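Participant: One-letter residues, chain by chain:
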Amino acid sequence: MNLFDYFRPSSTAEAVAAASEPGAAYLAAGTNLLDLMKTGAKRPGRLVDITRLPGLDRIEQMPDGAIRIGAMVRNADLARDKDFAAAYPAVAEALLSGASAQLRNAATVGGNLMQHTRCAYFQDPASACNRRAPGTGCDAIGGENRTHAVLGWSDACIATHPSDFSVPLVALDAMVEIEGLDGPREVALDDFHRLPGETPERETVLAPGELVTALRLPAESRAFSANQRYLKLRERTSFAFALVSAMAALDIEDGTIRAARLALGGVAAKPWRARAAEALLVGQSPGIAIFEEAARAALADAMPSGQNAFKIELARRTASRVLLLAAAGAPERMPALPASTFGTTPGALSYV
Amino acid sequence: MSDSLAFPTSHARMGSSSGQPLTRLDGHLKVTGTATYAADNHPQNMAHAVIAVSSIARGRVTSLDVAAAMAHPGVIEVITPANCPPLALDPDQKHGLFGFRFDALQNDRVRYAKQPIAVVVAETLEAATEGARLLAPTYDVEPARMGFDDGEHYDPPAVGIGAPPSFAKGDLAAGHAAATRSVDTTYETPAQYHNAMEPHAMVAEWNGDHLTIDSPNQAIVMSRALFAGYFGIPPENVLLRSPFLGGGFGSKAIMNGPYILTILAARMLQRPVKMVLSRDQMFGPVGHRGATQQHLRLGMDAEGRLTALEHNAVSTTSSFDDFIEPAANASHNIYASPAISTRHGAVRIDTGTPGPMRAPGEASGSAALECAIDEAALACGLDPLEFRLLNYAETDPATGRPFSSKALRECYAEGAKAFGWAGRPLAPRQMQDDEGRLIGWGMGTAMFPCPMFPASARATLRSDGTALVETAGADMGQGAWTALAQIAADGLGLEVERVEFRSGISDLPDAGVAGGSGHTASAGTALHNAGTEAIAKLTEIATADPASPLFGAGNAGVEARNGRLYHRGDETRSESYAEIMARAGMASLEGNGTGTRDPKDAEELAMYSHGAVFAEVKVDPDLCQVLVTRLVGAFAAGHVINPRLARSQLYGGMIWGVSFALHEEAVHDRRSGRPLNADLAGYHIPVHADIPAMQALLVEEDDPYVNVLGVKGVGEIGVTGTVGAIANAIWHATGIRSHRFPIRIEDLIG
Amino acid sequence: MTLSVTLTVNGVRRDVTLEDPRVTLLDLLRERLDLVGTKKGCDRGQCGACTVLVDGRRINSCLALAASLDGADVMTIEGLAKGDALDPVQAAFIAHDGFQCGFCTPGQIMSAVGLINEAEAGDDPERIREGMSGNLCRCGAHAGIVEAVLEAQKKLEQRRVA
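Chains as they are written, first to last, in this note's numbering: chain A, 5 to 356; chain B, 325 to 1074; chain C, 126 to 287.
All clues given are correct.
Straight-line distance between alpha carbons at most 25 Å, and here's what the computed DMTMM-like set of lysine to aspartate or glutamate pairs gives:
no., chain 1, residue 1, chain 2, residue 2
1, B, Lys493, B, Asp508
2, B, Lys741, C, Glu272
3, A, Lys46, B, Glu447
4, A, Lys86, C, Asp249
5, A, Lys86, C, Glu282
6, C, Lys279, C, Glu245
7, B, Lys741, B, Glu718
8, B, Lys861, B, Glu914
9, A, Lys86, A, Glu181
10, A, Lys86, C, Glu245
11, B, Lys493, B, Asp479
12, A, Lys46, C, Asp195
13, A, Lys86, C, Asp248
14, B, Lys418, B, Asp646
15, A, Lys46, A, Glu18
16, A, Lys86, C, Glu243
17, B, Lys861, B, Asp788
18, A, Lys46, C, Glu144
19, A, Lys46, A, Glu202
20, B, Lys741, B, Glu699
21, B, Lys418, B, Glu476
22, A, Lys46, A, Asp159
23, B, Lys741, B, Asp707
24, A, Lys86, C, Asp180
25, A, Lys86, C, Glu251
26, A, Lys46, B, Asp389
What the simulated footprint calls covered on chain C by chain B, stretch by stretch (three residues with Cβ under 8 Å from a Cβ of chain B suffice, anywhere in the stretch; the number is not a length):
no., region
27, 146 to 157
28, 166 to 176
29, 210 to 224
Away from chain B, derived, C-beta distances all over 10 Å, residues of chain C:
no., residue
30, Thr133
31, Val137
32, Arg138
33, Val141
34, Asp195
35, Gly247
36, Asp249
37, Glu276
38, Glu282
Hints were generated in silico from the structure; no laboratory data involved.
What you are looking at is a predicted structure, and each value in this text was computed from that prediction instead of being measured.
Every residue gets a Cβ at the ideal spot worked out from N, C-alpha and C, and that includes glycine.
Construct all of the structure, not just a fragment, from the sequences and the given hints.
Facilitator: Rendered as structure tokens:
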């Protein structure tokens, strides 16, 4: 790890000013940043410690019915918040399916959005990586890439975004509140992470020094509380990143889908919202046939970026399954194995 | 630094120590964080060394920015080939039984990724770590040769540690010709890395030409001599302390470059130096299990009896040394067949040299064999257990020798009963749970040899009726501190609480290597014999002493128990050890023993532990994720010294089987040769959620030949059988036979 | 740069002057405070061997910057037993042989203490297995560990009720 200046600002304004300097980075829990500093993938000259900034660690009910989650709220605390978990069971499930209990106790929700890809070539400073070192090329292309992107990738980068949490959030139209040198602004989470294109090093829309201060779930997203699930396929039963994941949320009334949300994880450089699939579902009765059709639509543009063609079929089946699970309803209690195919409620697989 | 442990007096038990499920002698230390592992040592004035490793797999280092590293605050010294002193022994030659070639900055050549190319020593760990990064090496790169297709194939002169590369019995062609059914199948296993939870570590300190080393080691006295050899000093000048190993699995039995460089750094700086490998460096210079490609051809007659068993394996090794995973040898001793043929090939690739890793050869060979056996059972329309019983070997298939003991039939029976195997449908995809998941049941035969290594021990009776027993044993988690103390206590006829056990340090009698599942048998026999020699001496004194109640009884007429000698014919005639020694004016009485088996038995009998493993898996029918839900193993391994610890060893092996079947695989970039998952997030081993309800049954087995204790071994056998059982269960659930490990979603998704 | 950090470690206030901002909590404990019971298995939050409680919550001490934890309350394996009396979790690990080599054990035990405090797993073995999945064990002591956590959980629960 390189030597750096450590600075602990006392206000958000001070933090933004300090982090606007070249080479500066925000330090929250550090569960991703310190890891990357240890491999040498990240070498910030200054760490701006935002863990003590006032007011960023609250979960707030807004007057308009929205829920606002401070960027410094710890993943575990959000998942354990009873009101939040009741309104957004799939978000809680996604949180609890990520990392380990220790990491969830430390990692923040803002940091979760800001985490970097798990692409081995990104993490290894000796490899060519346009995302880490612009213009060096992409060793993942033509390399070991069975877990890489099948949607939205480019010839410059085929990495995926590793967040579980972001997948249900993007489905539920979450907004990201940002503080910068020019004051506050907000962007839809769907616009927050960028696809690689020719500039994979620009992972988000944040300008230098800009700080994520909160996430907001709009009031309308509460309509999906009863029928939402997150499902995550991985190569061990727990403590593993998603091979693919999917979140579905349905607003069902009198046997008809009034509104539908579907998003995929582990398939692209951002949490992937499947709007075409959602549109197919509206007005339909829940059922395997329409779910499979929606899943096909969600993956219609998918292309293997290497040895990962199986991920397209897997993502399709995962999307179809998570729609089934959502239709069956959010479980009364968090499954013992959150988001696992082995953690579903009894009878769920035989639904419809 | 504790090298001596005494049992707490709280153990309640009856009769002799051996056979009792005592809790661990070192348990209290381990649950309180006070067991001292190598990296926990911090002598005064200690400096930190960090090894810089290559990022290429083949070529030469052309530059290192030593000035940048030296300029980093806290950096004291940078060692590169330019200033690295020569060693007394050439590290590019093989020295000793477990001799391996390694790299220790004697030149600028790079032969694998993560090879040591420099050492940075600093006042702090942080400074040394950054100093190593600042070296920013440049290279003259040659193309890496990484796969079976890229490397140079050759016929190895030996496999494993000195075993013949091929074997043939009977007429293979005739066997195949006689077959009415056959199986011709291949299996691939990947490179796996030991990844003990404790990374290799060392604290080295020189005092003149005397060297003290704290370092985890599976062969303490042998390694002491080897360390001494590389530095041109007599072995007795080296004190190697290794009271606790944070896991070894074979990787801590072998010399490596980072250790030699740490000792060099300490000598150059005349300061104590600590070096701990980072996790990614565990994927370089400290061994691994080579990848294999295995080809099996089985012929069966109309009843389902094997007529031919052919098992050929190709394994990867490094470009500069040979360790060939002896996978095909797994087919020598399990199933009866009139014709058996095994052959090994090897391919040189640009990785570090493989080495023994928990069940070397047996693990990967058993994985392939047990799958092939299930394929054969299917070809014959037979239940997998029925097929195995039909091909049960009453004598060793390879040599025709009788087994010293073999309770495999009982293992099959007890395991099948505990698992509920009866009634298993023959065809796949017949069972599912309430949620629609496919269920499959599979089994495998487990088997492991019972080697013994030269070992010696000393037992000293003290005038207060206690004893000191000593051997340089290595406890890497298998429980040597406990099981060996139990054996020693029995040899001395003492309660285990009255025995002080010194172990884990190199100034004691050589306990041999903790490997090959032979440590308890070898060091245990030595301790037992040392104890019985001390008791024999004591008996001679007592029976020759007219003042003793045992006078005239003769050695055979006396029994040692609870710290007293008893007259066999008259229990009222007895005397405590302390009384006998006090009258003889002895402060102490020493016995010595070695751990060997009767050479005639070793020559004439086949000696193996056996077992049967049964697995249940569930597989999501569409998403194809697999979970092992039940594992039952039944094992016969001779006399079990401590059932609690033996159970743990068997579980450990079976869990390694889960890992082999579903998780472990080192992935290297084919172009650069760099390992891409050289961490514990990418190199998966099972987590708690992957581990099913488990049962390990200990099947009674009396073996009067294997050694005086009747002890076989339980450290590795659990890996064998289990991999195949899980793969066979996945086939039974899905109807899909994966021919590579680990078995992944994409292998099942179709 | 020099940083002053005050921590309460196992109930004892420790004022530390850090000459180096890079020091993690794990390296602070092991290399500077002589508390070597906490182990480094991967240094990247991937194995759990370094698990300690910070303000009562289990975290990976290898991924926590010491400077950032100024004012925190830290409990390590050395602080768990009350004198000679082992914590119920420690005792259960011995009774159920919940370890072999012992290297991951301090982390497993501190994680189990954290898990029981979280009071979400109860006596459901599957929830315990999931909740302990951040702690790798290479020896394969999983079965004993889960048995030990179950027993300790029950003991502590009885204690609470009584």
